[in-house]
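A.B. asks: So you can see what is in the structure, the chains are spelled out below.
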Amino acid sequence: MYSSAYKTIVALPPLLWVGLFLLLPYALMFAHSFWLVRDGYLLHQWNLQNYHKLLTSPLYVDVLLRTMRIAGSVTLLSLLLGYPLAYYLSFHAYARKEILYQLVIVPLWVSYLVRGYAWKTILGSEGVLNGFLQYLHLTHEPLGFLLYSPFAVVVMLTHIYTPFVFLPIYAALEHIPRSLIEASQDLGASQRATFLRVILPLSMPGLLAGATFAFVLSLGDFLAPLLVGGPSGTMIANIVQSLFGAAYDWPLGAAVSVGILLITVTLLLFTERLEKRWSFK
Amino acid sequence: MTNGSPSRRAPFLATYAASVFAFIYLPVVVLVVYSFNRDGVGGFPPRHLTLAWYRQLFADAAIWEAVLNSLLVAAASVVLALTLGVLAALALDRASFPGKALFRRLVLLPLILPGIITGLSLLMFAVLVRLPLSLLTVFLGHATALISVATTELFAGLQKMDRAQEEASLDLGATPWQTFWRITIPNLKLSLIAAGLLIFTLSMDEIAVTFFLIGRDNTLPLQIWGLLRSGITPEINAISTLIFGLSVALIIIWYRLRTRGLGAEPQKLRERP
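Order-wise, the sequence lines are chains F and Y. Mapping the first sequence onto numbering that gives the first Met the number 0, position 248 (from 1) lands on 247, and the numbers just tick up by one. Mapping the second sequence onto numbering that gives the first Met the number 0, position 49 (from 1) lands on 48, and the numbers just tick up by one.
No lab work stands behind these hints: they were computed from the structure. Check before you lean on any hint, since a few could be wrong.
What the hints assert, rightly or not - With a Cα cut of at most 30 Å, we get these calculated DSSO-like pairs of lysine-lysine:
(1) Y/Lys159 <-> F/Lys6
(2) Y/Lys159 <-> Y/Lys99
(3) Y/Lys99 <-> F/Lys96
(4) F/Lys275 <-> Y/Lys159
(5) Y/Lys99 <-> F/Lys52
(6) Y/Lys99 <-> F/Lys275
(7) F/Lys6 <-> Y/Lys188
(8) Y/Lys99 <-> Y/Lys188
(9) Y/Lys159 <-> Y/Lys188
(10) F/Lys96 <-> F/Lys275
(11) Y/Lys188 <-> F/Lys96
As the list claims (entries may be wrong) - Here are the simulated distance ranges between beta carbons:
(12) Y/Ala248 <-> F/Glu173: 42 to 48 Å
(13) Y/Arg162 <-> F/Ala245: 37 to 43 Å
(14) Y/Met160 <-> F/Gln44: 24 to 30 Å
(15) Y/Leu132 <-> F/Pro12: 22 to 28 Å
(16) F/Val264 <-> Y/Met160: 29 to 35 Å
(17) Y/Trp63 <-> F/Leu19: 33 to 39 Å
(18) Y/Leu171 <-> F/Pro12: 39 to 45 Å
(19) F/Leu99 <-> Y/Leu132: 41 to 47 Å
(20) Y/Leu107 <-> F/Arg177: 41 to 47 Å
(21) F/Thr138 <-> Y/Arg54: 33 to 39 Å
(22) F/Glu125 <-> Y/Leu256: 27 to 33 Å
(23) F/Phe131 <-> Y/Ala17: 16 to 22 Å
From the three backbone atoms N, C-alpha and C, an ideal C-beta is built for every residue, glycine too.
Same shape as in the complex, but just chain F (with noise of 0.2 Å):
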């Protein structure tokens, strides 16, 4: 019913936009990440030199493991604080469910920044913690550890993924349908039967979901470790960033990011299969 010049007209300016200002800037990225840099000039040759720095030299693979790591904690303590939040809301929370679920939301309209600066004034060894527990005399002096470390970049990150990975999970249990769980507690299950083989398998692409999005994007997270994570808790996306500051090595930080972006379309992919494998229909 429509016309070809209507499909041209709307398919050609998203395309063009899109060829041009995403398609060829995630070329040249890759493209840089084959090129090298010789007394501050970029040469256009090509070769696999980046690629071969990085997986030999020790300090980026050891980044590369702590941001796994930092990643890894902050998807399995969202999930630890979500999945039991998400529970609750949809089986417990009747009629606060609906005040409850906003009550979840309104702190994502807080900037992200924001909320990190937040935890900075919360954890600093003048800041509000230090002080809450020199006040009840638990301490008596500031403790340093908290700010300035890969903890304080959990924290941080945990406090932000946790309402992106309790959404999914949420949305996943209240499509349950009621009458399965009433089934298997009709014919005997207990509750914890109930939950570990109707509940949890039902709920799973829920949970991958938010476990994927949560560890995705504190993998190339970069502005955490600024903020709160101190020179011990730097993580690989500050490498990109001061390889392509200070330091002057585009194809090197190019190889870098395409090594993150390898990481993430690999994970994505997987998960996506796993859900599917999940699903139920």
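Please build the complex by placing chain Y on the supplied structure of chain F, with the hints as guidance.
C.D. replies: Leaving out everything else, chain Y in the frame of chain F:
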């Protein structure tokens, strides 16, 4: 064991949920409370309430300039991302063209990839075409990255739309142009509002992409970033409290509008992670 719930009372779970809420709200509460604390941020308990930080904030011209820049970039990004998003959604819904599958994935990439990768890629592009960094490059980055949001939202809207109306309009002699403006767009109204709000908020708060594309004029998050680098100041608490209050007010207005009969559409907006 009725009403299809596993059990009626769960005191442990309720306590656990309450502590998760406490964790989620702790920074927000600290932020707001200490914006009124005379002795600045830190220490416990806060005492000596004051509005001094708000006074300082209102006198800070640089911040308000940054707010204006942010509003400008966000508004322009909404317009451009919605325009291209409508077209992209229509194309994905109705046209077949070579590279359609690639296009679908490519558009979504900025949502999935870390902002630093999109930001740096665009920086390389700007260097390549010798485009000086300014609010224009920031706008370019925001609008391009947020086409993803517009496209998903509007594509979902199109899928739910009744095609019969458009067919009738075309059969009765309306031109495709008239049909687009009189049938398609009005039918997409809710998706357009939802996508527009989301794009606006995301643009106002964007920092990872902006970080690499900013020129001399700061956006609000970058201005706050600058303040942060030079140390902790309760001015940041004050501006954050204001923005937070404004957002909550907007949410309440939005839900009022929705319950007044705009439809139950915002569900999808809320469920997007």
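A.B. asks: Now tell me if each hint is right for this structure.
C.D. replies: Comparing the hints with the structure gives:
1. Y/Lys159 <-> F/Lys6: 20 Å, holds
2. Y/Lys159 <-> Y/Lys99: Given pair Y/Lys159, Y/Lys99 holds - Cα atoms ~21 Å apart, limit 30 Å.
3. Y/Lys99 <-> F/Lys96: Distance of about 41 Å is beyond 30 Å: violated.
4. F/Lys275 <-> Y/Lys159: 23 Å, holds
5. Y/Lys99 <-> F/Lys52: Roughly 37 Å separates the two Cα atoms, so the pair is violated.
6. Y/Lys99 <-> F/Lys275: 22 Å, holds
7. F/Lys6 <-> Y/Lys188: 22 Å, holds
8. Y/Lys99 <-> Y/Lys188: Distance ~26 Å between Y/Lys99 and Y/Lys188 Cα, so the pair holds.
9. Y/Lys159 <-> Y/Lys188: This hinted pair holds, its Cα atoms lying about 13 Å apart.
10. F/Lys96 <-> F/Lys275: Within the cut-off at roughly 29 Å; holds.
11. Y/Lys188 <-> F/Lys96: The given pair, whose Cα atoms are some 28 Å apart, holds under the 30 Å limit.
12. Y/Ala248 <-> F/Glu173: 42 to 48 Å: With a Cβ separation near 27 Å, Y/Ala248 and F/Glu173 fall outside 42 to 48 Å, so the hint is violated.
13. Y/Arg162 <-> F/Ala245: 37 to 43 Å: 56 Å, violated
14. Y/Met160 <-> F/Gln44: 24 to 30 Å: Since Y/Met160 and F/Gln44 have Cβ atoms about 53 Å apart, the given range 24 to 30 Å is violated.
15. Y/Leu132 <-> F/Pro12: 22 to 28 Å: Once the Cβ atoms are compared, 25 Å apart, the range 22 to 28 Å for F/Pro12 and Y/Leu132 holds.
16. F/Val264 <-> Y/Met160: 29 to 35 Å: Check passed, 32 Å falls within 29 to 35 Å.
17. Y/Trp63 <-> F/Leu19: 33 to 39 Å: Holds: the Cβ-Cβ distance is about 34 Å, inside 33 to 39 Å.
18. Y/Leu171 <-> F/Pro12: 39 to 45 Å: 28 Å, violated
19. F/Leu99 <-> Y/Leu132: 41 to 47 Å: 44 Å, holds
20. Y/Leu107 <-> F/Arg177: 41 to 47 Å: About 33 Å separates the Cβ atoms of Y/Leu107 and F/Arg177, which means 41 to 47 Å is violated.
21. F/Thr138 <-> Y/Arg54: 33 to 39 Å: Hint holds: Cβ distance 35 Å, inside 33 to 39 Å.
22. F/Glu125 <-> Y/Leu256: 27 to 33 Å: 44 Å, violated
23. F/Phe131 <-> Y/Ala17: 16 to 22 Å: 19 Å, holds
The structure fails to meet hints 3, 5, 12, 13, 14, 18, 20 and 22 from the earlier list, while all remaining hints are met.
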